[in-house]
Each structure stands twice: as structure tokens, then as C-alpha cells.
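Given the coordinates of chain A, work out where chain B should sit on it, guided by the hints.
Protein sequence lines, in the order shown, are assigned to chains A and B.
Read in order, the letters of the first sequence are residues 424 to 742 in the numbering used here.
Read in order, the letters of the second sequence are residues 424 to 742 in the numbering used here.
No copy is singled out in the list; a pair is fine if it fits within one copy or between any two copies.
Straight-line distance between alpha carbons at most 20 Å, and here's what the computed EDC-like set of lysine to aspartate or glutamate pairs gives:
#, residue 1, residue 2
1, K526, D465
2, K604, E717
3, K576, E685
4, K526, E487
Since the hints were made in silico from the structure, they are not lab data.
Number of protein chains: 2
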Amino acid sequence: MADLRGGIDLGGTKIQTAIVDASGEVVGQARQPTPTEGGPEDVAAAMVAALREAAKEAGVETGELTGVGVGSPGNADGKTGVVSAARNLTGWEGSFPLADNLKDALGAEVRIGNDVQVATEAEFQLGAGREFQSLIGVFWGTGVGGGLILDGKPWLGRGAAAEIGHIVVKRGGADCPCGRKGCVEAYAGRKAMEAEARRRHDDGEKTDLFKLMEKHGKPRLTSGIWERALDHEDDLAEELIERAVEALGTGIASAVNLIDPEAVILGGGLGIRFGERLMEPLTEEMDKHLFVNERPPAVRVASLGDLGGAIGASLLVSR
Amino acid sequence: MADLRGGIDLGGTKIQTAIVDASGEVVGQARQPTPTEGGPEDVAAAMVAALREAAKEAGVETGELTGVGVGSPGNADGKTGVVSAARNLTGWEGSFPLADNLKDALGAEVRIGNDVQVATEAEFQLGAGREFQSLIGVFWGTGVGGGLILDGKPWLGRGAAAEIGHIVVKRGGADCPCGRKGCVEAYAGRKAMEAEARRRHDDGEKTDLFKLMEKHGKPRLTSGIWERALDHEDDLAEELIERAVEALGTGIASAVNLIDPEAVILGGGLGIRFGERLMEPLTEEMDKHLFVNERPPAVRVASLGDLGGAIGASLLVSR
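If we strip away everything but chain A, and leave its shape as in the complex, we get (with noise of 0.2 Å):
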């Protein structure tokens, strides 16, 4: 029998699964919305029925896989399986037994890691960083998160590493999602981003930005939204992604101050969307703050795209 494992990225607004074989060849695949009501039983339910979809379509039971990994937001034990103060999903303030619950439905055994470290071991095993040794992985989306691989394997500290989305590049600056100031994530995450374009929107600034957003009937500023607003040159919108460059250039390149690293790999929605239109002023910004800027590190977008999350949950397993 062929060996299959299977991975889950579990995220605020979709469930991506695939199978995924020996040579990291997807077989199969599949995705489901992330539940807005109930509580982790419900979302559970769902990665279950969304990983069976996946594996039907590669033919195979759950039950036949060597494993199946998840990449969860929140604190992501690996060693209980369990997650806890996952706010992103609803219900999910407290602790819950995310292994053991999906073991039970899915007849096999369950890894649990972190949704953007697993995402950068992907793309450092099978993407755009299989080059190289060190690597910094940004993930730009919703918030801003980030992986480290040194020396071949993943930092992990004691557990929390790799906050790129909260280095400070302006100490007293603007509101962060987390309730600090100046963060990087306080300027390039899409919710602070939608945020601070709200605020201006109502303060009566002119911007095409939400009218784009009810025409293509979604309930926010997708990267898909951004995109269309900057391609009608709307101001604001340039203005805001503008801003984001900045601060994410200025995060990323104290970054690599500290770790001095190969590469820097810019995954993350709004990373994967804009990453090759934006990679000459990111990279601007980022050689203002170099410290050794005659050589700075390989910048490049993430090339597993939408399922690097799933395929690197699934890499879980084979440890």
C-alpha cells in the first residue's frame, strides 16, 4: 500500500485538507468553510468530513493513512495534541483534545503543529526554499505570522518563535489586533489594514474599497479586493498597501539583522497575491534597514500557494 498521510491546515475562514504522497505529490484534496457557530467539536467535525472528501478522491479510507497532521492557529501543543486560545475560531477561548478527537474519527494517528510553521517546513522541504538552510517564512494574511528553519531544521524556541507580525517598527504607533502598539501586523495584517481603511472611509476619505466589496458580494476586504482597488488606482488602497510594504520591509529586514538567514520566503494571502508586484518596493524597504546590505538574503514568494498549509501539516507525520 502506497503511503499516504494526510494534512488539514485549519484556518479562521476555510479548512484546506490534501493526501499527500512519499514525494509530496498531492492525491488528493478538498476544503470546507470553518464553522461561525458552536464551539472545536464542530470544527472538528468538519476537518473530519473534509480530510474523508479529500481521501475518496484519492481513493483511500482515513483509516489506511500512515498519519494525518494539522496545522492549527492558537497554542498548538505537539506533544498533547491539544490546542487552546485559538480566538480566531469561534468557541475556542479555552483548551481542546484536537488529536484525540480527530484520532477517534479518522482511525489514525494525529500530529499537531503550528499553522505557519508547518507552512514554512513546506515550502523549505518541497517549495521555494528547498535551496536553502536558513529561511525566514512571512506569512502576510489576516495577521501576519512567520516560520524559522536553521541549520535544516525548524526554531521553535519555547514554543512561540517567529512572531515576525509583532517585531515593532514604530514604538508608540498604531493599534495592533494583539493590544500593542507599532506592531508590523498593526500595518500589513488585512484586518488592521480594513480597520484603519474603515476608519478613514468614515472620516470621509474617498475610496472605492468597500463599494468593490459589495458588488463581489464579500463580507470583507479580501486580498482579492485590495487587488482590484489597486488596478483602479483607488489612492487609499495604495496608500494602505503602501504602508504595509513599509512596515513589513522594515520588520523583515530586523529580522534579518538578528538571524541573518539565506532566505525569506512571503507566503500568506496577501503575500502569495502580491508578493511579485510588490517585491521591488519590499525589497527597497528592506535594504533602507539592512545592516550587511551588499548582501542581502534571497527574497521569494511561496510556490505552494493555497495548500502549502495542508502539505506541510502533513510533513508532521513523517517525524
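Only chain B this time, still in chain A's reference frame:
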């Protein structure tokens, strides 16, 4: 014959040498001012003289040492023993084969390392960081340097890691001696603090800083002069030290958010002098920006004092 190693800490103002036994005890030491005229040959000659003096105190010839380590500023290449771009040293803009030059004069093998990295290593192996497996060394002096120990080993990146002084704390902020803007060192480095004090004094602000400097016959605002000014409740000194602590606390918190180490070790001339006195405001400042502030890293003052750099340099030999 005893296993004795030599260590040389090459600083911008002084050359500190030590003879260290296998248990890390200092059995001889000597110090010389760093030549302010001439070039690398003259600096190397002063290093040789200072190490000979330390060896004499220890009752050995330099040729009997197991080896000699050097902690050097600038770009210190451990493989070739060449030091280049040591801009704090007179006439050392280019490259100089320091290890070979010293080896010929001392009759012992010579290893070269980065000055703050070896001081970090000394605190990790023998000083305030002994009980930890991961730490960030922060050397608060003329500039702000750093060193990283991850998983019990130095992390050098591509050779220039741990530049904690050049983490940005304020985009578009104060001018840094490195030529960039808003770095930690722009607010906290002794050199930058003195330049700011001079500027404000010339603009008519009241301060006793420069009177104290002249009274005590110092050519610059040393850490001792800053301490005296604080003891006199000098307003400008208090303000600039507070500003330095804010920048340090913010920059260290950003580094902790990225690395999540067990400990932060604070050394350097200002760090050793003010570490205990300013520990509370420093950790309060860090706390404002720590992403996981319910379990901050331990923060300790370096315990090997002025000899840490020379002891750390001697540790290069055994590797």
C-alpha cells in the same frame, strides 16, 4: 604542563588580555590602550605586548599556551584569520591577516572570532547564562552589539547574525551611527547618546554632563560620567537614559518575539554599570511589547564583567 589558553579582547579603546585555565579561571591578565595612531601592525604589536604581560603574570611563555583566541570588532573571519573593516580601529578600513601576524609573534595557534559573539559564549559557558540552552546576549556600550546561543550552540547566520543594535524601533527615527535611521543603537549606543547630549547642550539645554566629563578628565561621556550625572539628578542625563532604555526594551522584545529564547544577558560597559539599576524599567519596557508576556525570558546582567570578552576569546581555542 597545565592546559592554559590566551584570550584577547580587542576593543576600540583598550586591549584586554587574559590567561585562562581549563576550568575557566583567569590566572593572568593585562590591559593596554588601543593605539590611536598607525595601523593594524601597531595594534597587533600592542596585542602581543599585552598578552606577553598576562602570560608573565601566569608564569608561562606565550609559546607554551594551548592556543590564543581573539575577539575582534569589524568583519572577523574565523576560517582565514583575516579581520577587515574594523572601522573603530585606526587605519583598519581594509583587510589584515591578524591570526597569522599574531601566531608568528606569539609562537602559538591563534583563532579569531567576533567580539560580542565570544563574550556571549563566555556568559553562556561560564557566566550569567550557564543554566540556559538558548539566549540573546545584548552588549550595551559604545554601540549595541549582540550574540545568539540557540540549542546550546552559537548561531552566526551567514556570519553577521545578532545585530540587535540594528533592529529598527522607529521607522524614520533618529540617525544611527551606522548611517540608517531608527535603530536601537541610534537611541541607546553611548556614541549616539553623547552626540544627542552635545546637540541639546549646544542648543542651550542645561546639563552637567560635559562639566563632569571635564572635571574627571575624560575624553568622552563614559558610563561612569553618565552614572554620576544620574546620581546628580541631571535632567538631560535622565531623559537620554530613559530614551535608551525604551529603545533597548523595545528592540529586545522584538528579538524575543522572533527567537523566543530562555534568557537575555545584558552586558557591555553601560549594561554592566546600569544593569541592576535599570532592570525594572527595562523589563517593564520589554513587557509592553512581548507577544507572550505571561512567560518573559529571564533577564540577567553579565557576570564576567570586563573580562568576559577575553575569557570568551580564549574559548575559541578549544573548539
